[in-house]
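Heads up: the protein sequence lines correspond to chains V and P, in order. Sequential numbering from 62 applies to the first sequence in the working numbering. Sequential numbering from 26 applies to the second sequence in the working numbering.
These are calculated hints, taken from the structure and not from any lab test. For glycine and all other residues, C-beta sits at the position ideal for the given N, C-alpha and C. Treat each hint with caution, since some may be false.
Simulated crosslink set (SDA-like; lysine to any residue; CA at most 20 Å straight-line) [what the hints assert, rightly or not]:
#, chain 1, residue 1, chain 2, residue 2
1, P, Lys-123, V, Ser-580
2, V, Lys-513, V, Gly-454
3, P, Lys-51, V, Leu-591
4, V, Lys-549, V, Gly-507
5, P, Lys-51, V, Phe-597
6, P, Lys-123, V, Asp-632
7, P, Lys-123, V, Arg-639
8, P, Lys-123, V, Leu-591
9, P, Lys-48, V, Ser-582
10, P, Lys-123, V, Arg-483
11, V, Lys-513, V, Lys-532
12, P, Lys-123, V, Asp-586
13, P, Lys-49, V, Arg-639
Reference excerpt, derived from the structure (chain P facing chain V, CB under 10 Å, subset only) [claimed, not checked]:
#, residue
14, Asp-38
15, Asp-39
16, Thr-43
17, Leu-45
18, Lys-49
19, Ala-53
20, Ser-122
21, Lys-123
22, Glu-124
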Amino acid sequence: MATATEKDFPFSTDQPPSFLGRVESESIQVSNTKNYPSPPRLERGFVWTARILAASVALLCVLVMTGGHILDIPLLRGIFQPDWPQMRPGGAWLLMICAFALLMRCTNTHSRWQSLGQNIAGAVALLVGTVCLDWLLGGWLEINERLEFSQDGQPSLFSLSLRPLSAFTIGSAATAIWLLNQHASDKHYLGDGLVLLSGSVNYMILLGYVISAVDIPKLAVSEHHYLPLYTALGSFLLVIAVLFSRPTQGLMVIFSSPLQGSRLARQWLPVLLFLPPLFLILDLLMEKAGLTNSFTGKQIILTLQAASLAILAMVSAAILNRSDSQRRKAMRELRSAHATLEERVRVRTNELDNINLRLQNEVAEKRSLAERYHSLLNNLPLSVTRYVPHPLGGGALVEFNPSARALFDAESTEELLGVNTRDLTQDPQEEIRFNEALAIHGIVRGIELNLKTLRGRPFIAAVTAYMIKDKNGMVYCDCVLEDVTERKAAEQRINDLNASLSQHSAELQSANQELEAFSYSVSHDLRAPLRAIDGFSQIILEDHSSALDGAGQGYLRRVRAAAQHMSNLIDDLLRLSRITGSELIIASVDLSALAQEIVDQLQTAEPNRSVRFTIQPGLTCRGDRSMLRIVLSNLLDNAWKFTASRAPAEIVVGSATREGKSVFYVKDNGVGFNMIHADKLFRAFQRLHDTKEFPGTGIGLATVQRVIHKHGGTVWVEAAINEGATFYFHLPD
Amino acid sequence: MNPIILLVEDNPDDALLTQLAFKKSKIANEFVTVSNGEAALDYLFGTGTYSDRDISQQPALILLDLNLPIITGLEVLQKIRSDPRTAMLPTIILTSSKEEQDLMNTYKSGCNSYIRKPVDSEQFAAAALQLQMYWLVLNTPPPIGRL
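Make a model of the complete structure from these sequences and hints.
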């Protein structure tokens, strides 16, 4: 049988610090068996054994009484050999009673049998105790005599007298039974002690009977037998039954636990109890057979006993070693598992820390995101709401931002929460239509609804709504509302203004038309008398010149000239007024071609004059062609007029850049004028030259300016006396 | 028979001037002046004050002013053109109007010519001579069919 050494199982007490705490090293302690309660089956086995033993003892007593004393069979009184003492009736009675008491106490429930048994045992103990006392006092009380109950000097069946030692053993058993307690854990030491003591005494007596039975004559002395056989046997068995009856308390704990040691004890103790008697018997037999003498016999049995004890020890050690090695192995495995677990826990904790950190970051991010969106929503001056539509109409407001709260005149969130949207609309039909549209299309944009606040104030809102369904199947409508009451009022005002504006423009137009008609008819009517003035003056000059002298004719010629001038004025004024009233027809105008036309006309009208014209080709602009013709015509007319005295007369039409803008110009090398008077130039009838020298109405430039201004452009002039003039004009695109 | 020139002009000065201008050309003609549209139509159709006129003798030239009282020159023109007796008579609009609309309307209504009266009398005389030369001499008058 291999024995394990300490070296194979280093049991170091230096353990690394761990998360789980130190692994406790177990030391074998008796008290630890408390942690391993006996299995119920074992316990029951013990208790039943106790019952059987008690019953056997009771049966034995009955046999002794009936067979031994009544039927007078010596064997049944314990007399196997003539000098063996017999079991008295007293002993049999009391032992039987004790056995019954024990049986009563062996019931599981805390019933009256228990207390009855206890009481009976107590009575017996008391009785026996007095007997012992009496014996100690030398028979002074004569208890034994009293207990004889003898009639006429004959021994009675019902006598309770006892031998001293019987009293002791039976009394111990009774006391032990009396002391039996199912629950208390401290009194059993007393009982255990009594049991051990009387048990040992009984054992000794029984050994004596064994020796006697082997029938070695020199030992057969009756004084050695202090107890009757059956008494000794009975009380021995009874105290064993007492021990067995409470296997979980006191001494028996060692035998009743499921641990290895208890098993060993259970297996070996009977052997230990009966092996020495066997060796003794062997020795006696060998002596009787003459094989050995008593000295050698003792040697032999002692050696045998030593050997058997050694064998027992070794077997026990082997068993214990196995269990111990298993334990150590288990401990090692536990330790390594523990270490592995620790390592895993460490790794896992690291992982968890990382995950935790990441999660914290995510949470922080999400929270900041949520806060951003939250603040976005809360700070929006636009109302954002969410409501759950009812299938039968209306809907409950479940979410909204502070803007919405203010929009609906709610004083608190609770006031607006859960409000039915139908209560917020002025016309329920409108609300129904809106919800229908939303349900059909899933989204509506910019629908104008007539709503009212919680205080009943009506307003118009532009609503954009979106219907969504979340993963639980709940349908929500998310809306953005804007109070457009003011905007609509403004729109209305604009519409009204537009209406009045168009009315005004219609009025203006009609006024303009009236003016035009008026100026037309006026010029028309003004011209008729002019014709008369001119015509008749001419006729007088032609046909009646004889009636007039030279001066008179001269006056008439002046009259004609004046009439002519007036006609020109009327024409120019009419043209000027027409320009104001008419609308521009904007198109792309080729100024170069236009200038060339006018130049050709001028040249044709006065073929004698030689003027050098330079017209830059490709001059284009955007404007009203006929009006621009008037402009160029006037400017070229002027240039033509004021270069009359020049030879060669030069007139240039071109384009240039002034202040980053492109401008057109008509330049001449005529007489020019003083720039000081330039601002008067464009006024109607303003002339800076003598009419005699340079005839003209003085309206031409006013007309030019009016046309250019009507196009949104600008016109100006640069000139100097005797250095000609350059008229610039700019037209916007 | 001298060709008849019918002048429809309400302004007496203008009428006189026109007459004098036409007289200058020395082309023989009979110058008739009426001062309003109704009289002109009476003359042409032989009604009213002219009911005893022989309307087989129609003017070779009608000079029609547009600014007439009661009936406008345009209406007179339209009446002239709508009656078969006078539909083919050469009618010249003689007016001071430069209005595009007048131009359009009169030409649409079938005038033969549109002349703007110049203020300058010399020009006017020259124009009158041209008119006479063209319409009375050069032009072949329309055949006045039997009614």
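**OP:** Take a quick look at whether Lys-513 of chain V and Gly-454 of chain V sit within 20 Å of each other, Cα to Cα.
**Re:** Holds. Lys-513 of chain V to Gly-454 of chain V sits at ~17 Å (cutoff 20 Å).
**OP:** With a cut-off of 20 Å on the C-alpha distance, tell me whether Lys-513 of chain V and Lys-532 of chain V pass.
**Re:** 33 Å, violated
Subject >> Supplied contact hint for Ser-122 of chain P, tested at 10 Å Cβ to chain V >> reply: Hint on Ser-122 of chain P: holds, closest Cβ of chain V at ~6 Å, below 10 Å.
Original post:
Are the Cα positions of Lys-123 of chain P and Leu-591 of chain V separated by 20 Å at most?
Top reply: The hint holds at about 16 Å.
Original post:
Given the proposed pairing of Lys-123 of chain P with Asp-586 of chain V, does the C-alpha separation stay at or below 20 Å?
Top reply: 13 Å, holds
**OP:** Compare the distance between the alpha carbons of Lys-123 of chain P and Arg-639 of chain V with 20 Å, and conclude whether the hinted pair is satisfied.
**Re:** Given pair Lys-123 of chain P, Arg-639 of chain V holds - Cα atoms ~13 Å apart, limit 20 Å.
Original post:
Against chain V, is Thr-43 of chain P within 10 Å by beta-carbon distance?
Top reply: Hint on Thr-43 of chain P: holds, closest Cβ of chain V at ~9 Å, below 10 Å.
**OP:** Measure nothing beyond the straight line between the CA atoms of Lys-51 of chain P and Leu-591 of chain V; if it is 20 Å or shorter, mark the hint as holding.
**Re:** The given pair, whose Cα atoms are some 26 Å apart, is violated under the 20 Å limit.
**OP:** For the pair we were handed, Lys-51 of chain P and Phe-597 of chain V, check the Cα-Cα distance against 20 Å.
**Re:** Judged against 20 Å, a Cα distance of about 19 Å means the pair holds.
Original post:
Between Lys-49 of chain P and Arg-639 of chain V, is the straight-line Cα distance small enough, at 20 Å or below?
Top reply: 37 Å, violated
**OP:** Would you check whether Lys-49 of chain P satisfies its interface hint, that is, whether its CB is within less than 10 Å of any CB in chain V?
**Re:** Since the shortest Cβ distance to chain V is 9 Å, the answer is holds.
Subject >> Interface restraint verdict for Asp-38 of chain P against chain V (beta-carbon cut-off 10 Å) >> reply: 3 Å, holds
Checked against the numbered hints above, the structure violates hints 3, 9, 10, 11, 13, 19; every other hint is satisfied.
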